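Number of protein chains: 2
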Amino acid sequence: MTEPPRRRGRPARAGVAEGPGSRERIVAAARAEFAGRGYDRASIRAIARGAGVDPALVHHYFGPKERLFAAAVEASLAPALGAPEALLEGAPEGLAERLTRFFLGIWESPVTREPLLAVVRSAVANETAAAVFRDLVSARLMLPIANGLDVPDARLRAELAAAHLVGVALLRHVIKVEPLASADPTQLIALVTPALHHHLTAADGAQPTTSESSQPG
Amino acid sequence: MTEPPRRRGRPARAGVAEGPGSRERIVAAARAEFAGRGYDRASIRAIARGAGVDPALVHHYFGPKERLFAAAVEASLAPALGAPEALLEGAPEGLAERLTRFFLGIWESPVTREPLLAVVRSAVANETAAAVFRDLVSARLMLPIANGLDVPDARLRAELAAAHLVGVALLRHVIKVEPLASADPTQLIALVTPALHHHLTAADGAQPTTSESSQPG
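Those protein sequence lines, which keep their order, are chains A and B. This note's numbering puts the last residue of the first sequence at 217; the count rises by one with no breaks. This note's numbering puts the last residue of the second sequence at 217; the count rises by one with no breaks.
Since the hints were derived computationally from the structure, they do not count as laboratory data. Treat the hints loosely; a few may be bogus.
Said to hold, decoys possible - Below, in silico cross-link-like pairs of lysine to aspartate or glutamate (DMTMM-like), each with a Cα-Cα straight-line distance of 20 Å or less: (1) B:176 with B:108; (2) B:176 with A:135; (3) B:176 with A:108.
As the list claims (entries may be wrong) - With beta-carbon atoms standing in for the labels, derived distance ranges: (4) B:67 with A:89: 51 to 61 Å; (5) B:182 with A:128: 33 to 43 Å; (6) A:136 with B:92: 40 to 50 Å; (7) B:152 with A:114: 46 to 56 Å; (8) B:79 with A:52: 47 to 57 Å; (9) A:187 with B:92: 18 to 28 Å; (10) A:109 with B:64: 48 to 58 Å; (11) A:203 with B:67: 44 to 54 Å; (12) B:24 with A:111: 44 to 54 Å; (13) A:52 with B:64: 40 to 50 Å.
None of these values were measured; they are calculated from a predicted model. Idealized CB from N, CA, C, for every residue including glycine.
Looking at chain A on its own, in the form it has when it is part of the complex:
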């Protein structure tokens, strides 16, 4: 609540080209602000203050608020966005387990969970934030994985696999429904992997109930 030091008169334009590391400081301050206040209520002015820079510099680097949010989301999702290549290496039969283990693993540690949670909260609350999240996750996570699949409707199936993992994270870490919230991660991975395997390989795993059970009852 302490008032930050303010320059008098109009912002010094010279300050816009401020020293090394200011871009990184802005992104770090933006992550904290978006996490703490959500997309709607986050303020560029507060982010600039947090980074120790002039608001004009924030605009100079990032333009409008959603571009700054995109940079913050990208930094928050960095552990996940770098994953597809490594996950796609190795035997295809193991992909479902590698994906499940990796993705649920990110949510197990508070260090990697909190930034994800903040992003999900903003995306659920605000349509602009949802669009930023969607475009980033589509291009950097879903598309590479879908391209690595050898199934019809690969894109849709990759998204259904992702939907399952997102739902587990949500019920376990946000809604905290029991016994899921306290379940052993190893058990979870063992239970979720075959469901993902079904999506990623189009092996119709369990008995195909769809055609049979659609008879009029």
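Starting from the known structure of chain A, arrange chain B on it as the hints suggest.
Showing chain B alone in chain A's frame:
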């Protein structure tokens, strides 16, 4: 935006026992207020105004804010909360498809989707709202379905099935990731049903990859 008629002076205590339908009007006003402003920012005073009653009557019927939220959530989830019994009737092999069809169906119509969305937004943003949502869904939705399953870890498996459906609804209707957002509902049901069937029957559907692929690579 029109100002409702106000009584002068302190609220008339006699008004606390107000006429028929006031409870229902309060719940309807609460649903609108929670949907529009989220749990955190929803105001009891605005809800009372919306229902055309004294704030004291709101407190008289519902006590603290989270109890009013619970009533609003229960009303919003009514289409889902009444479902378990009907879904559990019929052949167990068809349960996965009935659940998938029913749950994804609720999200297809804006009339039933919007109240659900509002509840999910509040639950994701606020821990008290999450707890209310969790307790209601656990007791009224998860538990009856788990009790109808003949598998080990029935409760956990019912929750994993729910997690999958929630994740699909989230990516399709909130994040709106393509092609999932525009996919034909019939195709979605066909793709998701076998994954749910795996959870609900413990039939290890696809090839069991878990044990094999955990060899050091």
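Status of each hint after checking the structure:
Proximity of residue 176 of chain B to residue 108 of chain B is assessed by CA-CA distance (about 13 Å); at most 20 Å being required, the pair is judged to hold. The suggested pairing of residue 176 of chain B with residue 135 of chain A holds, with an alpha-carbon distance near 10 Å, which does not exceed 20 Å. Taken as a hint, the residue 176 of chain B and residue 108 of chain A pair is broken in the structure, with Cα atoms around 26 Å apart against an allowance of 20 Å. One distance hint, 51 to 61 Å for the beta-carbon pair residue 67 of chain B and residue 89 of chain A, holds here, with the actual separation near 53 Å.
The hint said 33 to 43 Å for the Cβ distance between residue 182 of chain B and residue 128 of chain A, and at roughly 20 Å that hint is violated. Under the hint 40 to 50 Å, the C-beta atoms of residue 136 of chain A and residue 92 of chain B, about 41 Å apart, fit the expected range. Under the hint 46 to 56 Å, the C-beta atoms of residue 152 of chain B and residue 114 of chain A, about 33 Å apart, miss the expected range. The beta-carbon spacing between residue 79 of chain B and residue 52 of chain A, approximately 52 Å, falls within the hinted interval of 47 to 57 Å.
Checked against the hint of 18 to 28 Å, the C-beta distance between residue 187 of chain A and residue 92 of chain B comes to roughly 23 Å, which is consistent with it. The hint said 48 to 58 Å for the Cβ distance between residue 109 of chain A and residue 64 of chain B, and at roughly 34 Å that hint is violated. In this structure the supplied range 44 to 54 Å holds for residue 203 of chain A paired with residue 67 of chain B, their Cβ-Cβ distance being about 48 Å. As the Cβ distance of residue 24 of chain B to residue 111 of chain A is approximately 47 Å, the hint placing it in 44 to 54 Å holds.
For the pair residue 52 of chain A and residue 64 of chain B, the supplied restraint of 40 to 50 Å holds, since their beta-carbon distance comes to about 42 Å.
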